Amino acid sequence: MSTAFDLLLAAALLWSAWRTLATPQIGRAVILFIVFGLLLTLAWARLDAPDIALAEAAIGAGLTGALLLDAVAALRARRPDDEEGQS
Amino acid sequence: MKALWRSLTVVALLGLAAALLVAVLGLPPAPVKLAGEVATNLGASGVSHPVTAVLLNFRGYDTFLEVAVLIIALLGMLAAGLPPPPPTGSRNAMLPTLARLAVPLMVLAAVYLLWAGAFRPGGAFQAAAVLAAAAVLLHLAEILAPWPRDRRGPRLAIAGGFLLFLAIAAALLANGGLLRYPPEHAGLLIVLIESGLTVSLAVNLAAFFLLRADKT
Amino acid sequence: MSAGLIYAATGCLLFVLGLGGVLLLKALLRRILAFNLMGSGAFLVLVGLAQRDGTPDPVPQAMVLTGIVVAVAATALALTLARRWHALTGREDIARVGDAGSRARRMANDRRKVGR
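Chains as they are written, first to last, in our numbering: chain A, 171 to 257; chain B, 1319 to 1534; chain C, 151 to 266.
Chain A extracted, bound-state conformation (with noise of 0.2 angstroms):
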């Protein structure tokens, strides 16, 4: 039972570390990677180690995510106006 749920969750984390890098519009990619950092903290959790599931949870997930948004965000707002001198 538990190895059918561990097996399933390495497909799950798999197929949404594939579709990161395979989407092709970013900000959904960007969304993609939050899922599989919500993913590895079950994954830790299965592993026995709370401890890292609560760091992936607080960094991996939620201050990676937010920067990597941000980012998004940043270069979208620029990408109409393609000029230097912008910054």
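Hints may be right or wrong, so weigh each one.
What the hints assert, rightly or not - If the Cβ cut is set under 10 angstroms, some of the chain A residues that face chain C in the computed set are:
id, residue
1, T173
2, L183
3, F203
4, G207
5, L210
6, E226
7, T234
As the list claims (entries may be wrong) - Which chain C residues face chain A? A few, computed with CB under 8 angstroms, are given here:
id, residue
8, T160
9, G171
10, L179
11, E242
12, I244
No lab work stands behind these hints, which were simulated from the structure alone.
Since we're looking at a predicted model, the values are computed, not measured.
Heads up, the beta-carbon is just placed ideally off N, CA and C, and yes, glycines get one too.
Position chains B and C against the provided structure of chain A, taking the given hints into account.
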């Protein structure tokens, strides 16, 4: 030509994946049991949670250098040029209310995590991450303004936790080694270091998001 | 097959997937994501392999905890560099060093023309 290189890379990657899988699945049992070593020495470490004991006692220099790495990353950001502040006034009206409700609970959770780290899952890293997330939430709700690059408070907080760690580590050199705590004071010293570490890490992580170029 | 071994194998595949992304994708943000996937894969191998007999091992767990914090620091620095690169050149990728150089030269020429 380009397509050829791409397919060659993919083939090489598939080979690497197969080799890694064979190596990992066929690995013989480890001759050393580090978990047993940790359990044997846990009594002398000053804390009763093994992961905290490893982080701050047995491999304390890892944690020490990690704080230094974070400071270097921040220096790199300052050197590379900070991003401009995000546009204001476009946020959801619900967000400030949510932030005001959630942030006190997050601070409470962070203090609990710091305190709990001595004997159960938790500790300085998780507490700092929750505090930093609280700061980012306040920033997104436009309650907390972005920090200009020469703001003194964050710099003092980041350097303070690191210097406290450095001072304790250097003082313990007299004891025969870097971060070799005397067993009777180990618990107190670890709590002291973790508190400084929490402040330093939290402000450093928040600074990755909140440090912005001046509006000029 | 223990849970540790399953996640160690998953970590290997994630590492290779991320490596492929770093090598084959051009967009800088995508490469940063791929690099993070590589890191997560390495973390899973580290902890999963040490726990393949089923008992939790605090030593790799503490190392991975450190690693996660370092990874977010590296990501923040990489994102700053990518945004700086975008602000300076208008590009979201690095196709080739030579291309970027010729583009920079072209821009310098354009500026000279505008100045004239």
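The hints, checked one at a time:
1. T173: Since the shortest Cβ distance to chain C is 7 angstroms, the answer is holds.
2. L183: 6 angstroms, holds
3. F203: 5 angstroms, holds
4. G207: At 8 angstroms from the nearest chain C Cβ, G207 of chain A passes the 10 angstroms test, so the hint holds.
5. L210: 6 angstroms, holds
6. E226: At about 6 angstroms, which falls below the 10 angstroms cut-off, the nearest Cβ of chain C leaves the hint on E226 of chain A intact, so it holds.
7. T234: 5 angstroms, holds
8. T160: 4 angstroms, holds
9. G171: Holds, about 4 angstroms.
10. L179: For L179 of chain C, the interface hint holds, since the closest Cβ of chain A sits about 6 angstroms away, which is under 8 angstroms.
11. E242: 6 angstroms, holds
12. I244: With Cβ-Cβ at 14 angstroms, over 8 angstroms, it is violated.
Hint 12 from the earlier list is the only one contradicted by this structure; the remaining hints agree with it.
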